[in-house]
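With chain A's structure known, arrange chain C on it following the hints.
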Amino acid sequence: MNIEAIGAALGLEVKCGRESLGKNVTGGYTGDLLSDVMGNAKEGYIWITRQVHQNIVAVASLKELAGIILINACEPARETLEKAEAEKIPILVSDLPAFELSGRIYNLLTSGS
Amino acid sequence: MLTLADHILDIAENSVRAGAKLIQIFIEEDSINDLLTLEITDDGHGMAKDVLQKALDPFYTTKTVRRVGLGLPLLRDAAERSGGVFQVNSEENCGTTVKATFGLRHLDRQPLGAIINIIIILIISNSDIDFFYKHRHNDRQFEMDTREIRKEIEDVPINHPEIIKYIRGAMEEGLQDIEPEA
Numbered sequence: 001m002n003i004e005a006i007g008a009a010l011g012l013e014v015k016c017g018r019e020s021l022g023k024n025v026t027g028g029y030t031g032d033l034l035s036d037v038m039g040n041a042k043e044g045y046i047w048i049t050r051q052v053h054q055n056i057v058a059v060a061s062l063k064e065l066a067g068i069i070l071i072n073a074c075e076p077a078r079e080t081l082e083k084a085e086a087e088k089i090p091i092l093v094s095d096l097p098a099f100e101l102s103g104r105i106y107n108l109l110t111s112g113s
Numbered sequence: 001m002l003t004l005a006d007h008i009l010d011i012a013e014n015s016v017r018a019g020a021k022l023i024q025i026f027i028e029e030d031s032i033n034d035l036l037t038l039e040i041t042d043d044g045h046g047m048a049k050d051v052l053q054k055a056l057d058p059f060y061t062t063k064t065v066r067r068v069g070l071g072l073p074l075l076r077d078a079a080e081r082s083g084g085v086f087q088v089n090s091e092e093n094c095g096t097t098v099k100a101t102f103g104l105r106h107l108d109r110q111p112l113g114a115i116i117n118i119i120i121i122l123i124i125s126n127s128d129i130d131f132f133y134k135h136r137h138n139d140r141q142f143e144m145d146t147r148e149i150r151k152e153i154e155d156v157p158i159n160h161p162e163i164i165k166y167i168r169g170a171m172e173e174g175l176q177d178i179e180p181e182a
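In order, the protein sequence lines correspond to chains A and C.
Mapping the first sequence onto our numbering, position 76 (from 1) lands on 76, and the numbers just tick up by one.
Mapping the second sequence onto our numbering, position 159 (from 1) lands on 159, and the numbers just tick up by one.
Chain A extracted, bound-state conformation (with noise of 0.2 Å):
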């Protein structure tokens, strides 16, 4: 499944990085720790979090996730929008919070296996 069926299934409001919403979602990753995330996220994941700070682009960059879902409907910060455009990072948006999120995300990457 890739972030565009994901955000389809959410409703989830899309800010950017458009380019990469076809790339599949291996699994996924909730936290604000950023070294947390650093050491138990994998490549193509999708990273859920309330951090709204440019770092995460970097953290996701470095880690090749395939994006990060904003929760409690957050607006990222403006150099963290620019940073993940340039990084062709998707960043998505729900108004739901971090365990709905989670659960729903989880049952859509389940549910075909």
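These aren't lab readings, by the way, just hints derived from the structure by calculation.
From a predicted model like this one, the values you see are computed outputs, not experimental measurements.
Beta carbons are placed, not taken as given, at the ideal position from N, Cα and C, and that holds for glycine.
Do not take every clue at face value.
Pairwise CB distance ranges (calculated) [to be verified]:
#1 Val51(C) to Glu75(A): 33 to 41 Å
#2 Phe132(C) to Glu19(A): 43 to 51 Å
#3 Asn159(C) to Gly44(A): 48 to 56 Å
#4 Ala8(A) to Glu152(C): 32 to 40 Å
#5 Tyr106(A) to Asn93(C): 54 to 62 Å
#6 Ser35(A) to Glu143(C): 45 to 53 Å
#7 Asp177(C) to Gly27(A): 40 to 48 Å
#8 His160(C) to Gly39(A): 48 to 56 Å
Computed footprint of chain C on chain A, listed as stretches where at least three residues anywhere in the stretch have a Cβ under 8 Å from a Cβ of chain C [claimed, not checked]:
#9 26-36
#10 48-57
This is chain C only, laid out in the frame that chain A set:
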């Protein structure tokens, strides 16, 4: 508490509740030693040793509306999470100093955030208190002192919209000049 500015507002509000007349906020970014230091000093009524011990306990608060007070424990956590240290010194009837250091380039160091907005909020909502903000970035430094501004504006209140506009402009320009990394 997503940014350092959030912590600063929280700690400064403690100082306000402690009856401070002057609140000093120092930020120092030291690139060579990869260190960010935050220091907030007030001349409020301070805390006795046993009260200070309790203030570091997340289940203690001086407020009556909430059962727990998390300001100091959360700042301590934020500092230690980025490889820094946290220290509070307080003397009854003299004041309190809260000092936290952070790894400037540590991945888990919270970003500085909307520091100008926070300082403006503090000035507007506490017009009888003076604020001294000093921000150092290596060899460059910016200062904003409401005691100096009050001398210039004489009997115009410090929270007059025009004065606030001036302070905001001066802070935007001053911080731009020192190019903060945080």
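Here is how each hint holds up against the structure:
no., hint, in the structure
1, Val51(C) to Glu75(A): 33 to 41 Å, "39 Å, holds"
2, Phe132(C) to Glu19(A): 43 to 51 Å, "49 Å, holds"
3, Asn159(C) to Gly44(A): 48 to 56 Å, "52 Å, holds"
4, Ala8(A) to Glu152(C): 32 to 40 Å, "58 Å, violated"
5, Tyr106(A) to Asn93(C): 54 to 62 Å, "56 Å, holds"
6, Ser35(A) to Glu143(C): 45 to 53 Å, "34 Å, violated"
7, Asp177(C) to Gly27(A): 40 to 48 Å, "46 Å, holds"
8, His160(C) to Gly39(A): 48 to 56 Å, "51 Å, holds"
9, 26-36, "holds (count 3)"
10, 48-57, "holds (count 5)"
Violated hints for the displayed structure, listed by number in ascending order: 4 and 6.
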